Every structure is written in C-alpha cells, then in structure tokens.
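Protein chains in written order, with this note's numbering: chain A, 38 to 163; chain B, 38 to 163; chain C, 334 to 535; chain D, 334 to 535.
None of these hints come from the bench; they were simulated from the model.
Be aware that a few hints might be false.
[To be verified] If we take Cβ atoms under 7 Å as the criterion, some of the chain D residues that face chain B in the derived model are:
1. Tyr504
2. Glu507
3. Arg508
Note that the structure is predicted; figures quoted are calculated from it, not measured.
Just so you know, even glycine gets a beta-carbon here, dropped at the ideal spot from N, CA and C.
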Amino acid sequence: MSVGILLVSHSGKVAEGVKDLIHQVVGDLPIEAAGGTDEGELGTSFEKIQTALEKVTEKAESTIVFYDLGSARMNAEMAIEVTESDQIKLVSHPILEGAYLAAVEASIDKSLEEILESLEKEFGKS
Amino acid sequence: MSVGILLVSHSGKVAEGVKDLIHQVVGDLPIEAAGGTDEGELGTSFEKIQTALEKVTEKAESTIVFYDLGSARMNAEMAIEVTESDQIKLVSHPILEGAYLAAVEASIDKSLEEILESLEKEFGKS
Amino acid sequence: MNVNQTAAWIQSYNQHLQEQKDYLTSLDRKIGDGDHGINMARGFAEAAKAVEAETFETSADVLKKAAMTVMSKVGGASGPLYGTALLKMSMAAKGKDVEGDVFAEMFEAAIDGIKQRGKAETGEKTMLDVWVPVLEEVKSSGFDAAIVEETAQKAMESTKDLTATKGRASYLKERSKGHLDPGAVSSYYLFASLAEALKEEA
Amino acid sequence: MNVNQTAAWIQSYNQHLQEQKDYLTSLDRKIGDGDHGINMARGFAEAAKAVEAETFETSADVLKKAAMTVMSKVGGASGPLYGTALLKMSMAAKGKDVEGDVFAEMFEAAIDGIKQRGKAETGEKTMLDVWVPVLEEVKSSGFDAAIVEETAQKAMESTKDLTATKGRASYLKERSKGHLDPGAVSSYYLFASLAEALKEEA
Ligand SMILES: Nc1ncnc2c1ncn2[C@@H]1O[C@H](COP(=O)(O)OP(=O)(O)O)[C@@H](O)[C@H]1O
Ligand SMILES: Nc1ncnc2c1ncn2[C@@H]1O[C@H](COP(=O)(O)OP(=O)(O)O)[C@@H](O)[C@H]1O
Ligand SMILES: [Mg+2]
Ligand SMILES: [Mg+2]
Ligand SMILES: [Mg+2]
Ligand SMILES: [Mg+2]
C-alpha cells in the first residue's frame, strides 16, 4: 500500500479514536496518530508529530497529513519541512471524515492524486 | 446559555476528545458525548445517545447534534424522534470542526439559527 | 401467523444469525467495517431472550418487543434499520390476523421505514434489494412462504453485481462490486426464518 | 548585543513569562483556549535551561538553541511562531555584530517567518501587531532599546481595539474586540526583556 495517513490533533483521544475507526475498516494502512502535548495535555507537539510522520513515511510512499485546528497546522508544517519530502501533503479537510475517506481509498490502491481529488470533491478546496 | 451540543461518534475516544477540546475553550456549555457501543466498542448506541440527549436538553433550550458516520446518524435520528422536540437539529457538518465552531458561537450567545447559518457558511449545506 | 409462530420467527432468526455470525462479519469486512455479524448476533440474542421471557397476546406485540430490543442493542446501521422494519411490521399487523395480504402490508410498511431511516432506494446495494423484490413477489402472486424464501435468496445473490451508493460500502464505489451486501444476506435469513417458523404447528 | 547579553535576554524573558504566566493565561481564556501562559512558561523554562547549560560562541548560536527548544516544547500556536521568529533572528544575526541595523534585519526576518508560518498580516490581532510597529520604528529612527520597549508597549495596548481574524480568537469575530491579544502581550515582554538585557554589562 502506498499512501499513508498522519493524524494531528490537539487531543490524544481524538487522534487515537480516528485511528481506531480507520483501523477497523482498513487494517493494514500505514497510519499514525499524533495528538496532544508531550505531557498528554491538549495541544500539539512538534516532536510527537515528527516521530509519527517518520513512522508513516517509512512504510508509505506518500503521506496525507490531517490536522484539527490552526495551531496544529503550524506544528505539522514544521515537521513536514524538516522531513524534506515532496510526497507529504498537508490538507485542511475535516480530520475524521477526511481521513476516513482517504483511508478507504488508499486501501483500494488509489493514488495520492486521486485521493486528494476525491477529498476536494467531497469537502471543497483544502 | 441556550444552545447545547451533542456529539455522536462511533468512537468513545473521539466523542470525549472533542468534548475536551470544546470544554477547554468554552467551560460552561451544555455538551455531552455519546460515543461507542454500550460495551465500549466501536459503534453507536441508541440508548447512550438518548441518555446524553436528555442531559443536554435539560440544560439547553435548543441542541445541535453532530455525528461522524452514516449509521450514527440513523441512531441519532431515532433518539431525536423519541425526544419529540423541534428544538433539536441534526447536522451533517464535520464533527470536530463543526462542533468547535458551534460551541464558540454558542458561548457568545448566538442563536440556534445564527449558528446553523455560520455552519453552513463554513462547511456548505448540511 | 399466530403469536407462537411469530415468537418462533424471532427465535429461528436468532439461531441463523448466531450460526452465520462469522460469515456475515467476513462479508462486512470486505466492503464495510467487519461488524455486521457481531452487531446482528448481539442484538437478536437480546431480542430472542426478551421475547422468550414474556407471554404475548398478539404477533404485533412480539414484533414490537423485538423491535425495541434490536434498536437499542444492535449498535450499527442495521440496528435502526432492522429495528424500524420490525416496528413498522408490528404497527401494520396490529389488530389483524397476520395472513395473506397482511404480509404484503407489513413488508411494505417495513420498506417505507427502512427507506425513510436510511434515505436509500433499491439498487444501492443494501438490504432493500432483498426486501423490495420480496414485496413485489407477494403483491403479484400472493403470500407463499417457500416462494418468499426463494425470492429473497435470488435477490440476495443479485446484490453481488451492484455498486454500493449507501452505507459504509459506498466509500469503495465501483470496488464494492463482486461482493454480497451483508445486510442483504442477513435479510435473506430473516425471510428463510419466517418460512421455517410458519412450518411450526399453528 | 554580545553573546552574554543574548543569553541574558532569554533568561530575562523566561523570568517575565514565569511571573506573567497566570496573566497571559487569563487573557487567553477570554479570547482563546486559556493556555498561552502555560505554553510560553513551559517552553521558555526549557529554553532558559538549555541556554544556561551550554557556552556559546555567538549571539546567533544562543538564539538558535532557544529556537529549537521553543519549537518543540511550547505546544501551541506560539511554539512554531516564536520558534520561527527566534530561528530567523539567529539566521539574520549569523556572522554579524548584533547592533544598529542588524536589529532591523533580525526583526524583519522574524516577521517574515511569523507571516509565512501563520499566514497572517498586521491588523489581525496577533503578535504581528507588536512586531511590525517595532520594526517600523527601528527602521525609521534606528535601534534604541528603550524606544523599542515603549513602541512595543503601545502596540500591545492597541491590539485591544482590533478584531481577530487569525488564530483561535477569530472564531469570536467582533466579540474578540475589547481584549488584549495574549501573543501581543507576550511579544511586548520579549522586547522589554531585550531592553533589560542590553543594560547588562557588555
Ligand atoms: N442507508 C442505508 N439504507 C439501507 N440499508 C443500509 C443503509 N446503510 C447500511 N445499510 C445496510 O446495513 C448493512 C451494514 O450493517 P452493519 O454492518 O451492522 O452497520 P454499519 O455499517 O454501521 O457497520 C449493509 O450491508 C446494508 O445492507
Ligand atoms: N496565524 C497566526 N499568526 C500570527 N500569530 C498567531 C497566529 N495564530 C495565533 N497567533 C498568536 O498566538 C497567540 C496564541 O498562542 P497560544 O495560546 O500559545 O496558542 P493556541 O492558540 O494554539 O492555544 C495569539 O494570541 C496570537 O498572538
Ligand atoms: Mg458494519
Ligand atoms: Mg459498524
Ligand atoms: Mg491558547
Ligand atoms: Mg492551545
């Protein structure tokens, strides 16, 4: 499978819960959750995101990164810049609904471009 | 405060996590999470939703119900029908992003109609 | 169908579901989230228990009891859908002898309920693709339990060629083709159980 | 500003943040999620420790160390934003004596970084509404620490009248008016600490 997913949320529970939902439907997708601060509080952690992103990119050829609120985006962007790959796409689509759609499409071997297109069709411009 | 929120998710973690996120920002909003089955597995529980909905409607004049995936909608609809109130609105907007926006607007005393309008403006037709 | 046969229907259906639990789940794993067997087995085990624990006056009462239990205990899309179907059948059967055209009325009410709850039509690869052909058969040739079962089986098999446009399987689009719809299969068992129950002494 | 003064800047800023932690958090509670003081106090406590633990050759090295720590330890929007600001200042200071026009270059680089990271412009009720007036003052009249502090303070106060269109506060729309922007206040402390640090023996 070539497209993986990274979930960046302010809440560890949200990130883990969305991962659970997706795991139930698509067992073997490269997917990681990076939710909450290092202390497990609400917030985002650059290091956590970076570590999770590395895990996904090890297994997936390309990665779609979903985030929940604006400040998560900034930390995710930094982690992506550090990773220096052009096969990582950060999108602003709804984290649960978007990641679920992307995961199912990834499981039937849709390409990164096809998945991004489906997301735009469903949720509007990212 | 007159508008409350009900979160219906297949995942207990997601429902609780979204509630946490909102609680951090808007402390005193009537908001309840109904996630997972009675056994705590992935799925939705009509009874859990019904109980949570009652708790919100006791405190709030009107309620916006968010859900994550299609089958959660059906269970939520049943619970709403049983409650027999026209002050409960089920919407198809993204559960985390939608509920966050609705919560902040509810906290500054926007009306149900105003909040539904803001949601449509942000996320398109429900 | 008297009250005992109606209770037997629920018991027989539950037995089918317990036996086919893994099969239904494996079907749902292919085009859904892999819980249909678990959901149905859980919910109807409770419904069978609830029906067994009481004595009922009418078929409508049995169906209503089953409906309420299924609605609250199944925990997936199939919960509200089967719950609604049973409840609508109960309402349609109320105050009537359940025979002949009353079956058609019950199935029609159930279908209306399923459609209203799930916003689906036939051809969308759901349980409706079993229920609707069954109703059509009963409407055109009258109620015959064996023919109902046969119609349900054929209809269930034909969901293989459909593309899902409702429910979890719809995310797969054309890739949902080539697989049976789990809810269509469990609906077939419902009609098969009905035929069995009607063979019981009246 | 020599290397010791730069280290003193970080230490002094951390002290301000620890003292004002509750105040900053209370500001953020009004128009955000109530964690700005917590975020900043946590991140800069780590940065101050990291800076104290090493000896550095240049101001740029001190700023870089602080930047990396802040980026990974703050945990809110302010983490990437202050982290980026510090990193860009470090890059602009590299190989130079930090004085006169170099301050303008550093602030300009920081602002570019903040804008790029946060996609905000001035007037959106963010920390930029302190940084940009400071840069303009330094550009037009040259660098003077006391005037920088004063400019920052005035700019910080003027965020009260702005309506937020970026960050968490933007959800409140016109209701964000009448409150200071927490990030603008913490930015004011940064410039106040700079003035203090520069009073230290060179
Ligand atoms: N909107 C709908 N209308 C009619 N039937 C539906 C609808 N959505 C799902 N179904 C039926 O429900 C079955 C899936 O049930 P189940 O797996 O128990 O629920 P879930 O999809 O919530 O996991 C599908 O195979 C289909 O027959
Ligand atoms: N997009 C942005 N551009 C510039 N500054 C921003 C932006 N978003 C937020 N800020 C600044 O960050 C401050 C909030 O920081 P903090 O509370 O630590 O983060 P969070 O909003 O993630 O909880 C705001 O007061 C504002 O000054
Ligand atoms: Mg299922
Ligand atoms: Mg399910
Ligand atoms: Mg904050
Ligand atoms: Mg925060």
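Cross-check of the supplied hints:
1. Tyr504: 4 Å, holds
2. Glu507: Not OK, violated: D/Glu507 not within 7 Å of chain B, min 9 Å.
3. Arg508: Interface hint status for D/Arg508: holds (5 Å vs cutoff 7 Å).
In this structure, only the earlier hint numbered 2 is contradicted, and the remaining ones agree with it.
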